[in-house]
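Q: Required output: the full structure, derived from the provided sequences and hints.
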Amino acid sequence: MTAANLGALLSPLAQAVTLGGIAWTTKNRVVREGTVRVNTVIPVLAPCRLRMTVNPLKPSEPALQYLVGDGRSGFSARRLCVNTPHSPFPGTHKHRVEPGGGDEGAYEPDDIPAVPLQPRVAPGTYRAILEAFAAECFIMIGDDFAWVEP
Amino acid sequence: MDAATVIGAVLRAVNDHTVVHPYGDGLLVDLPLTYGDGDGVRVLVEPMGSGYRVTDRATAATLLAMAGVNLTAGRAAEAFGEILRNAGLNGVNAIPGEVATFGAPDDLGRLILDVAQASLRADQLRWLAPRQAGVRFVDRVTDRVAAWAGRTRKLQRDAQIPLQSGRSRPVTLRVANDGTAAYVQAVSLRDPDQAAEHCYHVFGLSTIPREKRVAALDGSEQKWSKAIVAELRTVSDVEFFDDPLSLERQLEKMVPPPQTALRS
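Note that the protein sequences, when read in sequence, are chains A and B.
Numbered per this note's numbering, the first sequence spans residues 11 to 160.
Numbered per this note's numbering, the second sequence spans residues 343 to 606.
Among the clues, some could well be false.
Derived Cβ-Cβ restraints for the label pairs, each shown as a range [said to hold, decoys possible]:
1) A/R106 with B/Q466: 20 to 30 Å
2) A/I52 with B/N432: 44 to 54 Å
3) A/N15 with B/E553: 24 to 34 Å
Anything over 10 Å on all C-beta distances counts as not near chain B; from chain A, calculated [as the list claims (entries may be wrong)]:
4) L67
5) E141
6) A145
Just some of the chain A residues that point at chain B, by a computed CB distance under 8 Å [said to hold, decoys possible]:
7) T35
8) R39
9) V41
10) E43
11) N65
12) K68
13) A73
14) P95
15) S97
16) P100
17) L127
18) P129
19) D154
Derived from the structure by calculation, the hints contain no laboratory data.
Idealized CB from N, CA, C, for every residue including glycine.
A: Below, the structure is given as structure tokens:
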């Protein structure tokens, strides 16, 4: 993984586009995990996917990741935590991985729809978050994309 | 410096960095503590009867799921249970993965710290995340077929397929419904020749009709030798995993949805 690879991945150069719809599974008996495959023109970074994590006990605090690669070489290029504190940010923030280091820096995005911190979310919220996150990662939503609620 | 100064400093730090948000019937408490990824520790306090219930709302279990730690079985599951037992939490109304306890109003501060501490300890199980060589192709095929099947079809992993000789051999999946069944064999690119030969052997000798057999090949058609694909097509249908919908479409034809689902 190089800075050039990561820079290309998170730019229009990657020509990233989703493949198929979102598929949900349950992890650790409580967490709903949805994944969408992502195709890019950078084969060395394949496979790529978007992963959305929704805990029904904290529905207004979902997380999204742009996962790149698999196994030992896999990493999370970007991770969005909605309504979750991460000092110095009181709520929604993003983790960014830097090539050559394991640390993830955090920053506050300004392009994610605001979600009220409450025990329920309005219909359509998760899809709107996923699409906003994909847009910031320069991932196009494919024509065959199908959304299913978690 | 004396004890009062130090205690005062600790209390001031806690006071200055604890934030509370209204949340339903209760309050979310953001503590000046962080999980392994730097995210803050947050617990929910809800009134319950004569006291309060405090929960991490399965936050540690969520972080562990994202880190790839399985809490349904194995060492991590045992360690998670041990952490909860040792923390002295009574787990009132807790669902699997939730760190929770209940107690009297006078003990609220202690309850919050106990839940936070147990949740932080559980989060450290992230170091048990397997550093494996990726998700196996058979598991990717299984996950994808399971997502398609939902509750309308029955899946059996490592299903036995009957052979003409009278014995049987395992294939990746059996997908069944209303007495109709199809068999799926995942064919990995890790050792394509061997994987294809195994698939050809098992499907070629089976008593199951060809139109009920699917070879799910890893990657795209370009990654496979035309000869291997042609050989496999003599014994089964062939679908490529990189095609986003073909496997699902083929299974939809082979194992139609149940009649009850069609009527509803």
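Q: Now tell me if each hint is right for this structure.
A: Each hint, compared with the structure:
About 23 Å separates the C-beta atoms of A/R106 and B/Q466, a value consistent with the hinted range of 20 to 30 Å. In this structure the hint that A/I52 and B/N432 lie 44 to 54 Å apart at CB holds, the actual value being about 51 Å. A/N15 and B/E553 have their C-beta atoms about 44 Å apart, which leaves the hinted 24 to 34 Å range violated. In this structure A/L67 is not separated from chain B by more than 10 Å, as the shortest Cβ-Cβ distance comes to only about 4 Å.
For A/E141, the requirement that its beta carbon stay farther than 10 Å from each beta carbon of chain B is met, with the minimum near 18 Å. Every Cβ of chain B is farther than 10 Å from the Cβ of A/A145; the closest lies at roughly 20 Å, confirming the non-interface assignment. Hint status for A/T35 relative to chain B: holds, with the closest Cβ pair at about 6 Å, below 8 Å. With a cut of 8 Å, the hint placing A/R39 at the interface with chain B holds, because the nearest CB-to-CB distance is about 4 Å.
Below 8 Å, beta-carbon pairs count as interface contacts, and A/V41 has one with chain B at about 4 Å; its hint therefore holds. Annotation: A/E43 was flagged as interfacial toward chain B, and the flag holds, the nearest CB pair being 7 Å apart, inside 8 Å. Residue-level restraint check for A/N65 holds (minimum Cβ-Cβ distance to chain B is 5 Å; threshold 8 Å). The interface hint given for A/K68 is met, as the beta carbon of that residue sits about 5 Å from the closest beta carbon of chain B, less than 8 Å.
Annotation: A/A73 was flagged as interfacial toward chain B, and the flag holds, the nearest CB pair being 7 Å apart, inside 8 Å. Checking A/P95 against chain B: minimum C-beta separation of about 4 Å stays under 8 Å; hint holds. Using the Cβ-Cβ criterion of 8 Å, the hint placing A/S97 at the interface with chain B is satisfied: the shortest such distance is roughly 7 Å. The restraint placing A/P100 at the interface with chain B holds, with a minimum CB-CB distance near 7 Å, inside the 8 Å limit.
The criterion of a C-beta within 8 Å of any C-beta in chain B is met by A/L127, whose closest approach is roughly 6 Å, and the hint holds. Nearest Cβ of chain B to the Cβ of A/P129: about 4 Å, under the 8 Å cut. The hint holds. A hinted interface residue such as A/D154 counts as satisfied when its beta carbon comes closer than 8 Å to some beta carbon of chain B; here the least separation is about 6 Å, so the hint holds.
The structure shown violates the earlier hints numbered 3 and 4.
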